[in-house]
Each structure stands twice: as C-alpha cells, then as structure tokens.
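S.K.: Given chain G, put chain W in place with the hints provided.
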Amino acid sequence: MTLIRYHVLHETRYVYAHPVSLSRQLLHLTPRETPRQHTLNHHITVDPAPAERGTRRDYFGNLLEHFAVGSAHEELVVVAESTIEVTGQDEAGPPVSPAWEFVRDRLRQVGPAPLLEPSQYLYASPHVEPMAALARYARLDFHRGRPLFESASALMERIHRDFEFDPEATTVSTPLETLLREKRGVCQDFAHLMIGSLRSLGLPARYVSGYLLTLPPPGQPRLVGADASHAWVSVFCPGAGWVDFDPTNCVQPDDQHITVAWGRDFSDVTPMRGVILGGGEHTVDVSVTVTPDDEPMAPGT
Amino acid sequence: MPRQLLAHYPQSGSRYDELLSSPWTLRPHWRSLFDTLARARPEQMAERLGSVRRQIRENGVTYNVYADPRGVERPWELDVLPLIIPPDEWQQISSAIAQRAELLNRILLDVYGPQQMLEEGLLPPALIYGHSGFLRPCHGMAVPGNIHLHLYAADLARSPDGRWWVLADRTQAPSGAGYSLENRLVISRVFGEQFRDLRVEHLASFFATLRDTLTQNAPQGDGPPLTVLLTPGPYNETYFEHAYLARYLGFPLVEGSDLLVRDGKVWLKNLSGLRRVHVILRRLDDDFCDPLELRADSAIGVPGLVDAARQGNVLIANSLGSNLLESGALLGFLPRLCERLLGEPLAMPSLATWWCGEEAALEDAIEKLDHLVIKPAFPQLRIESVFGQDLDRKERAALIARMRARPHHYVAQELVQLSQAPVWDTQHPRRLAARAVGLRVFACASPDGYTVMPGGLTRVASEHDARVIAMQRGGSSKDTWVMTHGAVNTFSLLRRSISPSELVRTGTNLSSRVVENLFWFGRYCERCDNTARLLRALISQHIEHGDVARHALMRLCQHTGLLPDELDTAPTAEIEAAIRSAALDARHPGSLAAGLQQLSGVAFSLRERLSIDNWHIISRLAGDLDSTPADLGEVLQWLDQCVLAMMTLSGFALDGMTRDQGWRFLSVGRRIERLQFMSGVLRHALDEGGDTPDWLLELADSTITYRSRYMTRPQWLPVLDLLVADETNPRSVSYQALGLADYLSRLAAQFGAIESAALSDAVADMLALRADRDFRTGSPHLLDVLQRLSSSAFALSEQLGLRFFSHADTQWPGTLQD
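First to last, the sequence lines map onto chains G and W. So in the numbering used here, spot 69 of the first sequence is number 69, and the numbers just go up one at a time. To get the numbering used here, take the position in the second sequence, counting from 1, and add 301.
Source of the hints: derived by calculation from the structure; they are not laboratory data. Backbone N, C-alpha and C fix where the C-beta goes; we use that ideal spot for every residue, glycine too. One or more hints might be untrue.
[As the list claims (entries may be wrong)] Some but not every residue of chain W turned toward chain G, in silico, with C-beta under 7 Å:
1) P425
2) A600
3) A702
[Claimed, not checked] Computed footprint of chain W on chain G, listed as stretches where at least three residues anywhere in the stretch have a Cβ under 8 Å from a Cβ of chain W:
4) 114-122
5) 272-280
So here's chain W without its partners, still in its complex pose:
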C-alpha cells in the first residue's frame, strides 16, 4: 500500500473513518479510487484539481455569504474526492429516509387536519400551537394527492460506532439537491473511468420523478400544467441553485412580483399577457409567501396565494406550513409517532434532542450543558446554536438565564463525533488529509411512496472546527457516490444532442419582470451617459472660466434637478461642492452616483441574462466611488471613465445580445431616455438664445461630425439640421423618434396595437419641419415638436409599464355587483 498518500492522514482518532477500517487498512469500497490516486502522477492530480476549479468558475457556481449587490459571491467549495457509500449501507439509509419522509408527511396531514396525534397525546400542543411556523390560515386546506412534502432532506451524521443518525429535518424548501447535481457533473468528469467502473448510481431519474409527480398532481385547466420555481431573488444565499435547478428541470425561474392572483388562480405575467401557473416549487419561506394572510411585511410574496391554494387552484411544493417540522423539538416524539402512524419502528434514530419547554428537560440540559449544543426550538427564532463547552462562566450564566426566561425557545442536542473522510490536500502534491463530514440526503414524493436520491450533498467541516458543518462558516462539499450491485440507470435530463426541430430561436415567454429590468437597464445606461456628459461639459467650462456657457449649463443642470436652484450668486466653493455632489453623492436623487446605483441594482437582477463583462464594468465604476475623487479635475477623469463605460455597455448590447423581445425593450428604453434628454437640451439651448453654443454639439457627441462637414464655428442652421433632422446621426432627435416608432410597430406586430398616436403625430410634425423656417431660435414649430416628442416619450414609458410589466390594465373577468 502506498504509504505516501496517508503519511499525514490521522489514523487513530476517536472518529469513525470513512476510508480506513483500521490503521493502514482500506475499506474495500475505497480500494479502486485509492489505487487511482496512488498511481496518478502529480501533474495528473494538478490537472484534476484545475479542472474542478475551472468548471466551478465557468458554470458560475456560487454561494452568497453576504448578499451584496456588489457581488460578494463565494465560489462553491468542492473537494475533488467523492464520499463513497457501498450498496448495502445505502440500502439502509435509503429505506430509513423514505420511511421518515412518509412519517413527516403523515404528521403534517394530521396537524393541518384532524389533529388526532395531539388528541392522543403523542404530540404536545405546545410544539404545534406554540410554534410560529404553525400557519393557522393553512389549517384544513386539502393538499393535492395528500402530499405536503414533495421534496424532503435530512442531515445525517455517522457516530464512532458506524451508525447513521438524523441531526435535522429540512421540510419546507430544502436546499442542496441542485448543488449535489452540480458537484456530480464536475466530479464525474474528473474521475470518469472510476465513476463508471464503480457503478455509481446516476441522479437524473430522481429529478424526473420530482418533476413528474408535481405535474401529475397539478390542478387542471387553462392549458398544459405550468410549473415555476419561486425564488426570493438574487440576494438569497442559494440563488445559484434556484437558477440552476430551474434550468435543469425546465421550469421558469420567477420572483413573487412575476406572479399575481386573480379569480383564485395564479398567473405568470409575461410579455404576451397572463399565463396560468399550476404548480409552484418554492424556495421562499412559508411565512413570506403571502402578505395578505401570512407575514404582512413580506415584500417578496404573492398576495392571495394562500387562498389560491385553499381553493385547490395551485399546487405549492412544499405545502405552506411545512416549516413546522423543522423544529428540533419534535425529534424526541418521532419514535412513538412512527409506531402509531406507520405501525413500525423508526428505522434511523435522531440524535438525542430535548425540548427545554418540558421542565425536567430544561433542568437536565442546564446540568449537562458542557456535553450539549443548545439550538433554537423553532427556526424562526434566529438564535445561534451554541456549544456548552465553548462558554466561559459569564457566557454560561447568561445562556442559562435566557433559557430559564424562555425555555420553550430552546432545544438541547447531544454532541456527536462526526465521522472523518479523506480530502485532497491542495497544498501538497501527494497527500490526503481528513475532515469531519455530514451527509444531506433527499427524498421526493412519487406515486409509489417516497424515492430517495441515490447520492446527496456531503458537507465537509472546515479545518478549524470539526463540530460544525456550515457552508456559511467556510465549509466545503463533496460529491456522494452511491454504488449499486445492479445495472446503472443512465437516464438523463440533460439532452446530449438536439434535433433540428428542437432548435430555439427566440426566447418566448419572457417574464415581465425580466423585460422590465431590461427596459430600465437601457434607460439607466442612457441616463448615466447623459448625466456624465452634462457634468463633464459643465466642469470643463467651469475650469476654463467660459462664463456664458457655464451659466447656460448650470441653468440646464438646475432645470433637470442636478443642481439646486439658488446657486447663481453662490461663492465658487459652494458651486463646486454642488457639482461634486451631483456627480458623486448617491444620496442626492438624480445624481450620477444615484443613477449608477440604480443601474447596478437592475443589472444585479439581470445577471442570469447579462454577460459577466457587463457586471465587471458596472461594479468597477461603483467601486471607484468608494475612493472619492478629491478635486474637480479628478471628478472630470472619473466622468470620462463613466462615459467610456456606458459606451462599452451599449456596445455589448449592440454586439453581444440576440435580437429578441428583451433586447427590443432594452433599446426602447434607451431611445425613450435619449429622446427625452436631447429634446430637453435643445429646447433649453433655444430658450437661452444667442449664438449657437459649443457645448450643444459636445453634449450630443456630434462635434467631430460637425467639423468634418462644416469648416465654420457652430451656427444654428447646420447644428439643428445635424441634431434634429439628420436621420443618420444616432444622437439626433429624428434618429431616436423614428427608431422608436419602428420598434413600436414591431412590438405591435407581435402583441397587437399599442396606443401611440401622440408620438406618431409628433413624428409627423417633426418630419414636416422646414430648415429655412424652423432651424433657428424662436421657431414656435420647432419648440412645439420638441415639447411633444418629449411628453409622448414619457407617456409611452408609462403605458408600456402598464401593458407589459404590471398588467394593471388587463381587465378582470367581471366586476361583481354588490
């Protein structure tokens, strides 16, 4: 046996060792993989480690530790070595977990139904009536197929004697199945041969079962059943997994604001209108799902959702209220409930856990505090788990006082020595280290009872604390290989090859929220660009003491709200402070910094659709804000960067995005914004009168074109021709207005007529402008056209919002007469 690999592997600890049965003796199911590692050349292992890192980076696998729009995302941690579980052992785990899922489902049926188990004294009323997760509005609701738990997970640990124990149940929206899948894709590529030779069970059929059971139990009507995956949004710590599972299962990924309830049914808002939703696979916590009947302060739920479920018009998986069973306080009551409800003993024990709401248990727990971990009895309590042995005298007394004050808030759980598994030591070319591990396993409902995913998420404790397994605290993960005696089911949900008939050209069913975000992405990009150009022109004039131009620009800035009104006679220092604030102060509404913040927020919500390069550009600009530029010269440099960055973003949109409806809305947003800006600027310049200002061409980025055409200094006639009438100048009013009209006709072709008479009239009058009559200051025609273009652009924006984003203008089927 090659001793080098194990030279630093702890072999005689008090833990169960997954790899070795005794010092220097491998467990048989590890032999094959161990030999591969022993034979591998250092370059080969380096290549494997590199491949793991590369795949995680390229697939964008992340776990948000601190959800932050600036993108503090931690790359997913994955050890190259899987945890291997032999067939017979898996058989026991699998049947125990299926039994437990069945039991918990039965308990939910009882608690949200007849409450017979409370009547019989098998469940203490305190654990149900005193649990904030017991949702009274959901009592008495029938669940389709009598299934509360569609997806269930249990956290397991192995004690030194080799037995598996359940540490905790995950019943409302278990996370980790998607990460398991991702881990599998990565590791099965790195160890392809070994994966095949060991006959490792595949995961795909588990997900197919989940999908099929949801569809089978879906309510009927309004077309084929549509299942959506409901996420709290990109700030959630496991958002990557939501997006990943949605793609894998073929479900649209939606947020609460994508859905609305009408007529007791749930509808998905998309560009073409409302589409009925039959099934919601949710990753939103129970009480956040409906602000009407549950937590009133939830901004991410769907008002009326509980009633839609009550009426049987939508299947919610897992059922609302299933959070109740995540209480550690229940664990001690499961053995008797199992005997009573299933008529058989509980196959896998739970780690000894006492609910301190029982007086005797409280006193016991306080006495044995050193050997216990104290946890919240109900997950809603947001109490940190504490190891009794970690506390000094003072902390200990404080904890005891808290426990005595509210004993029902706490459970005490025995400590378990977690088993250890080998991990590859990335700091050395040829060395195994050991880490404590726990296993999260998953079960899903099927027509024949619960099916257990043959695999799972192996969670690895950090080097520093072998007692805690938490991704939040720097833990890592492993793929989990379950071996089989039989043939491997190689069914796959990932299509290997796509036939010509399956080719997809346009993104259909774009959700209204995504399109709305794209629309505002377009608007904010353009708005930041305009604001940056305006401030840049102002600062240049300010520095060069171009007094006439400076005053005209200041008035323009005051007009648009960038600068305060009473600034004309202010001392220079005050003016400069106001200009700095207009650029850099995000608390000043309308400032460039505030615009960038809005842009960054919208881009964050769009990160599934925007390439990472977009994101880099925006976060870099926002990052620059932290090191505030000191003088106006530095501000000017930063403004240059902003203008450049906005041009780059617009280049990405032009060059990198497919021309689907989403892109069209982004472009409409840009054009509306630019049309409003340019017509506003022109009106202001015309109002100021006098000579044609240089800054007008500068703001419109048309100085070079002008110079190449006319060898004179700016004059009204040629300038207005270039900025109003020239349809080839992408900054001209005509270019924007005609383009906008064109987009609208394309949208109308797909979605039906869009009310835009005001815009068409203004465009017609714009085309009727005559150079000899109108391209001068004081032309009422020109001022009128500019004014109407601007106001019809504003009205159009509002109208698109109502029609395509909020659907507030869709009529209800009928208004009841009182």
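Next up, chain G with everything else stripped away, as it sits in the complex:
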C-alpha cells in the first residue's frame, strides 16, 4: 500500500474585451474526502476580491464554492491550491462481482428497498442520453452472464482501442451519437460515452472529475490528460461499491488519480460555471499542475 502526497495548482484566468460589472460563479474545485483520499490543505483565491463568498455541499455531496464580484473588472483569476494524500490500492486482485444482468434487474425492481443511491446515476442527464446505439456498443463486451466488473473493464479497453484522443474534434456540446460515429474526442467525451453505454444497459455509472499526476513515473509512458482537469467513470458494482475506470488511459484509477467531484455528467461538476453582466468577447486560460510532494514546485506556475 502506498501513500503519496500531492500539490495541485489549478488556475483559471478569464480576460474580457469589456468590463464585467457583476460576476457570479460556482466552483467545483475542492477535492472530496474519500476513503482513499484526504485533503491536508486547500485554498481558493479569487482576484478581484469578491463581495460575497460561501461554501456549501451540492446534491451529490461535493463541496461547492460560490462567489460574486461586484466591482468592474476585465480579468478574473481563480486559483485553487490543494495538498492531498492519496492511498494506493492493495494488490488484492479484481473484485468479485455479480453478472451484470443481475445488477440491472435489481435496479429495475419496483417496490420497497430500492437501490436509491445508484439509481441517481441510472437515467438520462444533460450530456448523457441513453440510447439503443450505445446499448449495442456496450453489448459487444457485456455478454450474457458475464460479471459486471469484467464486462466494464472490457468496455473500457474497447473504448481506449476504438477512440482517438483529439482535443480539436469535439466541444462540450458534441452529442454522443456524433462521438460514437467519429470516434475522436477528449477524456470528458470518453467518460460520457462509457457512462452512456452503461446506462443504456440499465447500469448506473457516474462521472468523476479530478486530476492526474503530471510527471510520468520512470519507465512508464506519460499519461494523456495531464496538465488539465481530467475525467473518468465510476461504475456501481454490488459488493465492491463504486469502482473507477479511466477509459482515456485504460487504467483503473489508483494513486495517480485525484478525485475532485462526481455527478451524473460534466454539467453537475463543471469546475467553474457562472453568469456575468457585460464582458463581451472573452478568452479563458486554464492551467493545472500536479506535483508529488518530494519534487519541488516549478517556479512561476
């Protein structure tokens, strides 16, 4: 079992063509506490200084920071800094899971004692609409009677094989049909696609946003998705609970993935979402730096 301490620096900078007189923002930038992850230090700075500011928990239990800037500004900078301890998995081998149809049927059961928590992640959400085409895609790996964990791993591998990482191919609003046809996109798209495939079979899946270690460990290839927010998938496996899969890198997230928030899809955990008055055209610049504790932070980041 490993224990790694990380520093994460996540900076978002908006530059507007005209002054913004009022800006209200919601931030999902605070890492969650999980059994394998503990936050030692966390701090968000906002420039210019907000007139109002607060923190609360959202529906999914994520920490949500919100603020309002009421003075005219042409630039808005939000910096989230965290120090986090992540515990690696034991070498226990893959969890034992039931056949996927068993999980599906259990969730379909109408009547007392429904599985409410997983049901939250079973239906259509703004970016993920279950559909027959996605079910067909998933069925290539979800054979009759196959254990859920094994099937989900196979689906992750298939997505990794079939799809090409291409930051130019998609936008936040590219529909899953297009993605399935074009087979190019970024981590967010692959996560949505895998979630959609699982939900189309009647299986709960949630969207996890977070970070990935920037520096490749010696002898291993550099992981794609570094230096930006990352996203992956969590699948409900009775017995083991929620199990994470990263279809972008074809791994099961371990001590190199830092969880920030989870929800039904990207829209529930958008790192920064807001409404402004004025501003006109804008540019946004996001930079993420993840540094293990024993390495010095690069100056000026």
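M.R.: Frame of chain G, contents of chain W only:
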C-alpha cells in the same frame, strides 16, 4: 318547454349532458337560466352577445397564439352561457381537489426532503431521478410554512356516467385563474339578475386568501413584505393574465431583468434605487428562473435566485422544482401515496394513465394504441400528444418505434368521452348548440389547509374535435357558476368607491425596466424622425439633381453611418440602391427600418403603458415595409408617412401622457437624441462651409419660421440664430439643451444630485456665444460648443443608464477581503 332553443341540440349522444338529464328534460339547476333564455327577445340576446364582445375588446383580453411583436393576439373566446354546478356536486369536487393539493404538496415535501416515499417503494426512482424537472439544486431547501404549492390547478373531465376525473395536474405556475376572473366580470354583468338569484359564489375571497397566505409566509426584514408577479414577458401566451392578476392583486408585474440578487436577497430595481422583494409569485418555468444554478441559457431569469430562496430570504410560489408533479407518469401512483401520506383514499380518481417506462405498461399501451392517447411523460419533452386512432399504418409504426426507443418518455392515457354543455349558437337568433367541455379548478394554500376557488375555467372544445380542449387549437371558454345553499360572500377586491385620501397622482415605484423602455421609446422615436428627414432631404436633392446639396447630404449620411463610405464616384444605380437600403433594409444597422424595428420592440414591451393608438401607428409603418416600395419616389412617400407618424407619436406623448417620472425620462430621451442630431448636423454644415444650405432649415423643420421672419434666402447669421440660439424654436440646440438641464434639475430634486457638470459647462458657453462673433462658418467657439453639447449628451445617457436602469453603480455593502 320551449322546443325552439333545443331544436338543434344533440340529445341522445353517448356523452354526459350538463343541461339535460334525458331528452327534453332539464336538470333542475339549469331551469332558471334556461327560462331566461327562452323568454329573451332576439334583440336582448344580441345585446348580451355584443356586450361580451365589447367588454373583451375594451379590457384587451387576449391569448397570444403566435407571440409576435407585430401583435398577433387572439381575442379571448368566451361563450355567453356559464357552466352551472349545483351545491352538492361542487362540495364533492371541492373537497377532492383540496385533498389532492394537500397530497401533492406532501409529495413535494418528501421528494425535495427525506425521499421516504422512494425508500418505501411508493414512488419509482425513475420518475424522480429520471425526470428533468427534478431540480437537484433545490433538494434540501426549506420552504416557508412547508408550502411548496401555493396555487394549484387540476384539469377535470366528466365521463358518461357523470363522475369527475382528473386528467392532469398543474403544479408549477398554473394559468387560468385570472381568465376565470375576467370571464366572471363579463358574464355576471350580462346575466346580473340570474347570477344573483342562483346564489352564485363569488371569487374574490379566494384571491384574498392567496394574497394573505403569501404575505403571512413572507420572510421578514427591509420594510413591509413586497410581493411581485414575475412574468416571462409580453411574448408569453398568457401575458394578458399576468398583467391582469398583478393589477387585481396589487403586485408589481416584473420581468427577470427587473430583479437582482445581492447579499442573498432579491431586490427590485426602480427609479429610487433598490427595493427588497419578499415574495415572488412566478409565471416563469422552474428551470428558467436562475441561469446560475438552473438552465444556463435562460436569459429571462434572475442569477442567484435559487440561493436567495435557499437562504430563506425570498418566498417563491410555487416553489422551484414543483414542475416535477406535472408528469402524467405519476398519476397511477397517487392512490397508494394518498393512503400512505394522508391515511385516506384518493377522493377523485385520475384518468387511467400508464407510464411506458415500465415494460409491461409499454407492451400494453402498444397493443391498445387505438384506445389511448400517447403523451409526453415529462412536460419538458415538448412531445405532442397523439391519439392512437388518428394514425395510419406508417405513423403508427413510427410512433411505436419512438416509444420503444425511449419508453420512459411516454405515458399512455385512456380516452374519456368529455361531457357536453350548451353554448349559444351565434349564427342563429335562437338556438343552442353543444360542445365538449372540461373544467380547470384552482386551489390555494391557506392557514387551514387548501381552499378551492368556487368556480373555475370551463374550457370548451372546438366544433371540429370534441376530444381536445386547448385554447391553442381554437377552443373557447365559459364562466363557471357554483351555486351555494348558504349566503353568498360578497367580499370584493375591486374597490367600488375610492375615498379622497386614496387618490393617486404619480406613479411611484416605477420599475427601472419600464422607465428605461420609455427613455428608449423617446430616443428611437426621435431617431426615426431624424433619419426619415435626412433621407427625405437626400432623395429630394437626388431627384432634383441639386448636386452641391446632394453631395453635402451624402457626406452627412456617410458620417452618421447611413450610407457606405466608398460611394462618391459610384454609378447612380448603386447610389440609389444604397439609399433604398438605408431606408428599408432592417438588416442594415442604423437604417430607418432597423430603427423602426427597435422602436416597435420597445413599444411592445410598453404596451401596458402606451395607448393602443401608439401601437397602431407603429405596426402600420412596420407593415408597410412588407410591401417594399419600388422606386425612390415611393420611398419618398413612405418617408413622408414616417415623419408624419413620428409627429403623431410625439403629439400623443405631449397630449396624452401624465407628467410622471416615466414621461420625464421619455422626454429626456427625446432631447438627448435631438440635441446630438442637431449639433452633429450643424457641425457638418459648418465644416462644409460655403453658402448656407437650404437643406439645413429643412432638416430642422424650420423653413417656414425662417421665411416668415426673413424675406431673403438663407444666410448663416439668421439661420444659426434660429437653429442655435433661439430658445423658442423647439428644434434649436438651445431649446434642447436648456430643456434637458431643466429636466435634470427636476430629477435631481426627487432622486438627489445627478452628475452633469459637462453639460452645464457646455450650456453656459452656449449662452455666452455672441451673434456677431460666432454665427458664421469657422468660429472655433461655436464648433467647440456644439461638440461638447453632443458629447455631454452622450455621457449623460450612459450615466442615466447606470444610475436608474441597471443600478450597476450602486455599491455593494462591503467587499470581502480574501
């Protein structure tokens, strides 16, 4: 029994008949009204029908079918005969609806709270977690008084056996209560005696209860509780009702842009600053209410509203998220939920409805498609309801395919044979016809549980399709008379007489949005007038080949952006095309057509405050644009009409509007625009140099005054005296600038000082101009004054906007230190 009335009335259908218990036999509660109809002379009935039409027209009762700024408003359809409901029957309806409102409120408390009903399996998770109306940001929010539903409506229908059924629930912002009230005012006048003799229950105390319950549950602080009615705006199909209810209940009618959230509280922007809002009665859909936490693309919401409600600083009625219960998919689960939550059986059944998200229900629905209507499971889906029996083979297969692809999007509902009620056949002097009817009833929360409005909106199907009741599809409506055994409560919210102490002189609390619209109404009127005059002068010179003047005017038009720059050496055809486009092409920014479009948009938002005549004038001009004038001669004629129309509008403002602050802002807008235009035109003319141009007087509409004073052709000295210094000439720069300064001092007297030093300095220098020194071309003093008047007018406009309209300059209580 007078058979003539019933000669064409269908008496032996399969429907329940509200009027007859068997052929030729009246139900007892119809006897009195029927006798009145039978006795009435044809002229009397014609007079009654005329009165209904007249009242609807005069009260401006409309229902927007296609929301269009040109005003495609359909007059409200109202049948002269009410639907009458006897006391005992009403008792049953009323207690069933009160029970249902209570039940639905309890369900919302549970779903947005502990979710015990899901835990117990009484509500399938799919219906909540899979419903886009389940607003997660609103989960866990306490609602004042534990009331989610302040106003609730149910659509009822009566089956052939006489039983009432619920077809649908309206839980987020039910419409129709205001139309019911309007129907009542009209019909109770037409049948005054019968209304009294039948002891028909009045509606007013219901609305008083609604108002009082809202006030009682309002959060405290910052003065007495203020309730506003939040509307999506004049394009909404039931906008008339929003305005009508707001007036009736005494609540300001506001749009999202009238409100802002600061310090977790909601504020109404008005001329005097910000006023705390405690209660919002909303007609905006749930997800449009707050672009920050709900639909990000909503331009009509209030950013931060959800959080203000979360903090308990504003009561929103109905609560955000109440749309959830409009899902037809829930209907089948209500009986057990009622037993569980209220410990009693559900008093009025819902029409059998199955949610296709359950596999068995889907197969059943497909099998019995001919006997079902297929509807969207969630209102957000915007799926049209379809009658299985209407489909041919191909359509049927397509529907089944859609249902199989997304079964959770559909519910299947049994068909009901709607009951029929008599309507007056307006084509004949003495004849009753029958139409299918449904009844929308309303309940509101009160300290003692739910109160049901004794009446309702009876909706009448069109002649052509007795299965569908929709105002959108040409349906009509009726007043609903609920009889009582007891005494009638004659309480009224409409004040019959007003005492001297209640006299109102000025409109206080004018909303910033209304004032801003009036300001821009003034500016756009003036701008259109100026543009029309300028184009008119140019076209006249062009046609008459006055080359010097034509070039000077073209340069002026280029300077103001009306004409493109590289036109001087262009062929005539190209010049003419550019001129036509400057007049008629609304896509060309700055064109007269674009100005008229802006004017029309602003006027549309102001139609509560502008007389209908204003509206006619503007829509007529805009209508002319559709039949594009072909040659410049015709354009010239149209420009004449525009100038005339703008003068008429300005006459209305002068002659027809009260001198309140709104009027003052309209006038300020006009003056700013005219001051900018005139000083710009004068500077341009002076720059051109040479002889005094004729067109200068023409643009300033001062030719006649000049001629009556001076028997010579125009010369700089007298022209500049008339157009700059003459304070009696309403087109002169002095007249505008001094008037503007005067308005500002009046506004300052009421609202505190307004920063206008630049304007006062320019005015002082303007008054110091000397005729002998400055009224000629090349005077640096004159050019400087004109330039500064123009720029200070521009700055003033910006500043008024910040101060009175957007309130962006109001300081926040404090800036937090990080």
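S.K.: Checking each numbered hint in turn, tell me which of them this model violates, lowest number first.
M.R.: The structure conflicts with hints 2 and 3, although it agrees with all the remaining ones.
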